[in-house]
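Colleague: This is what each chain is made of:
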Amino acid sequence: MSVWEYANPRRFMAVSARLLPWVAGAAALLCAAGLTWGLFFTPEDFRMGHSVKIIYIHVPSAFVAINAWFMMLVASLIWLVRRHHVSALAARAAAPIGLVMTLVALLTGAIWGKPMWGTYWAWDPRLTAFLILGLFYLGYIALWSAIEAQDAAADLTSILCLVGTVFAVLSRYAAQFWNQGLHQGASLSLDAEENISDVFWQPLVLSIAGFTLLFLALVLLRTRTEIRRRRLHSLSLKARLA
Amino acid sequence: MSALLLRDLRLAVRAGGGFGLGLVFFLILATLVPLAVGPRPDLLAPVAPGILWLGALLACLLSLDRIFALDAEDGSLDLLATAPLPLAGVATTKALAHWVTTGLPLALAAGPLSLLLFLPPGALPWLLLALLLGTPALSWLGTFGAALTVGLRRGSLLLSLLVLPLYIPTLVFGAEVVRRGAAGLPVATPLALLAAITLGCVALLPFATAAALRVNLR
Amino acid sequence: MPERPDGFKGIPWYADDPLPHPDALRIKDGMDRVVSELTCCRGEAIVLEGVSFALRGGRALVLRGPNGAGKTTLLRTLAGLTPPVSGAMPDPEGAAYAGHADGLKAQLTVAENLAFWAAIFGTGPAEVEGAIRGFDLAPLRERRAAELSAGQKRRAGLARLLVTGRDLWLLDEPTVSLDRTAVNRFACVMRGHLDAGGAAILATHIDLGIEADELDVAAFAAKREATLRDPFAEAVE
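Sequence order for the protein chains is U, P and Z. The opening position of the first sequence corresponds to residue 1 in the numbering used here, with each subsequent residue numbered one higher. The opening position of the second sequence corresponds to residue 1 in the numbering used here, with each subsequent residue numbered one higher. The opening position of the third sequence corresponds to residue 1 in the numbering used here, with each subsequent residue numbered one higher.
Incorrect hints may appear among the rest.
As the list claims (entries may be wrong) - Some, not all, of what chain P presents toward chain Z, calculated at C-beta under 8 angstroms:
hint	residue
1	3
2	5
3	7
4	9
5	11
6	14
7	32
8	42
9	76
10	81
11	218
Unchecked claim - Covered stretches of chain P (chain U as the covering partner; in silico rule of three or more C-beta atoms under 8 angstroms from a C-beta of chain U):
hint	region
12	89-97
13	118-129
14	157-168
15	172-181
For the record, the hints were derived by calculation from the structure and aren't laboratory data. These figures come from a predicted structure and were not determined experimentally. Don't be surprised by glycine CBs; every beta carbon is placed ideally from N, CA and C.
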């Protein structure tokens, strides 16, 4: 049996129904563990004090916001190449989650920025790039909701997603070029000489894993909703045609 | 392709073609900004590159929904799709016609308008060069957006929403060239990046545009 | 009329016309166009299933059926505008489509409009002149399309078929808003096209006085349970 069989909506519904409680449970567990550990059992940063603890929401949400777009890109490509309806609907389902995560990252960043930088907002390249990412999400969602014919909407949004990815990445570098920022470097990366210290990053990794699972659970849930909505669309179309 | 280009240019300059509306919009914008911000040269000069680029960008946006909507209305688009011309060629020609009727005049008009905004004279050549290099990207991206929304009845607002985020890199690098030019800094890097974006758009976007048109014609 | 080696039989709608260059007309005599088991969709719905027919060069096929039966859908599919869901059909590269919209630009004159389409389809001034004579457009050639009546516009739109130089015409209600003289004129042009080895598929309700095969599109109407082509047509859970 190939993995593509899960792209059949019926099969996807059956499998996702069994999978969803486990993914959601694991997400809740990891989020709770990561956040509790991070918020209550880590020392205060000697420069940032208590405010550092918002990192356990800020970084995971930013991580999910970016990767949600890449998930949409992959799903769009699968739709364009292999014409699996579930893939297109999963891309559609992920967009609002990505948008919310972008907003959460911007909002927590603003809350963190006030005590640290003395301002809620700065035209820092990272902040700017996130704002632009939010605009791309908005355009994508708007195009989906504007087109009545569902397959055409899936095609057009997939094309937009491909072109948008290129320009979102370009915007990221344009923003970096345009203004050198205040934002600190990456909190976690595999090749950096110096990451944040262990006491901070262990719970951070846990929360990132939790947020990723949360994203997965939400995508599953929302894809199920989209499949049902699509079924409803088909039924009403059928009723109108008959 | 030259026949299509000539037809589009001819349609643009004949009555009701809308040629020049973008230019007038650009002029009005350049007039309104000093009225809103204040007449002082020390206020206007630093923002002049940005205002001129933004004005050109918005003026470009105004005429985007005409690129395919008129042809879709009178059936020409169906016929063009069945013609021996590849659809990507149609997209390229349409974008080129849009640039010749909108982007090019805007770039040329930016020179005189820069006087109204007290752009430092040293930046003027860079403004012209940046607009000439950057506006094709705006036309090609706009044609792509127009192809995405051609099937929609009220597509023009959505078109702006889709196209404006795509314009960001062009705007950033284009305005940066002029700002650096005004400050007497080297402009080679943003200029090269601007040219790269335009060339990439011209080379690749027509295929995406053609794909979107095919979907909308079904 | 002199015999020509390429088998082109002349232009009956304008008897004393100098013959246009045969290469430009590109009409292949006696070619069979086979459509088999074609399934067509309109938007998201499957409208026609299992459409099968063959059309020989020199023949016309009239599509019959009530409004909404799928005549336009079939024609758009054959024109290559809507991809078929399944089935085989001739290459749309050989087809010229004329739908409800005429594809005329209001600000251009009739001659300019036709010359534009001639350039797009790779034909030349000879075809434009032939089309103008064929549809009696000479008095209107310098008029802008905006200044034409609906029937005159229609004639100019149909004249475009001649400048495409393609041998299969796909016509969707070609006689709408034409008066009786213009309909006769159109029938003459059509006969000339067929005599020259071309073929035509047309959806029309009036009798053009042309010997033609008929196809009842309603016979291929998609079954009720198979009206959707996505996996959501059946229960998902």
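Colleague: Could you run down the list of hints and mark each one as holding or not?
Modeller: Against the structure, the hints come out as follows:
1. Nearest Cβ of chain Z to the Cβ of residue 3 of chain P: about 3 angstroms, under the 8 angstroms cut. The hint holds.
2. At a threshold of 8 angstroms, the smallest CB-CB gap from residue 5 of chain P to chain Z is about 11 angstroms, leaving the interface hint violated.
3. Hint status for residue 7 of chain P: holds, given a least beta-carbon distance of 5 angstroms to chain Z, under 8 angstroms.
4. Given hint, residue 9 of chain P at the interface with chain Z, is violated; its Cβ is 12 angstroms from that chain's nearest Cβ, farther than 8 angstroms.
5. Nearest Cβ of chain Z to the Cβ of residue 11 of chain P: about 6 angstroms, under the 8 angstroms cut. The hint holds.
6. A cut of 8 angstroms between beta carbons decides the hint on residue 14 of chain P: the least distance to chain Z is about 4 angstroms, and the hint holds.
7. Look at residue 32 of chain P: its Cβ only gets to about 32 angstroms from chain Z, farther than 8 angstroms, so that hint breaks.
8. The criterion of a C-beta within 8 angstroms of any C-beta in chain Z is not met by residue 42 of chain P, whose closest approach is roughly 48 angstroms, and the hint is violated.
9. Nearest Cβ of chain Z to the Cβ of residue 76 of chain P: about 5 angstroms, under the 8 angstroms cut. The hint holds.
10. The interface hint given for residue 81 of chain P holds, since its Cβ lies 6 angstroms from the closest Cβ of chain Z, which is under the 8 angstroms cut-off.
11. For residue 218 of chain P, the shortest C-beta to C-beta distance to chain Z is roughly 5 angstroms, which falls under 8 angstroms, so the interface hint holds.
12. A count of 0 residues in the region 89-97 of chain P with a Cβ less than 8 angstroms from any Cβ of chain U is obtained; the coverage claim is therefore unmet, three being the minimum.
13. Only residues whose C-beta sits within less than 8 angstroms of a C-beta in chain U count toward coverage, and the region 118-129 of chain P has 0 of them, not enough to reach three; the restraint is violated.
14. Here the region 157-168 of chain P counts 7 residues with a CB under 8 angstroms from a CB of chain U, which clears the bar of 3, and the coverage holds.
15. Closer than 8 angstroms: that is the beta-carbon criterion, and the region 172-181 of chain P has 3 residues meeting it against chain U, so the requirement of 3 holds.
In terms of the numbered hints stated before, the structure departs from hints 2, 4, 7, 8, 12 and 13, listed from lowest to highest.
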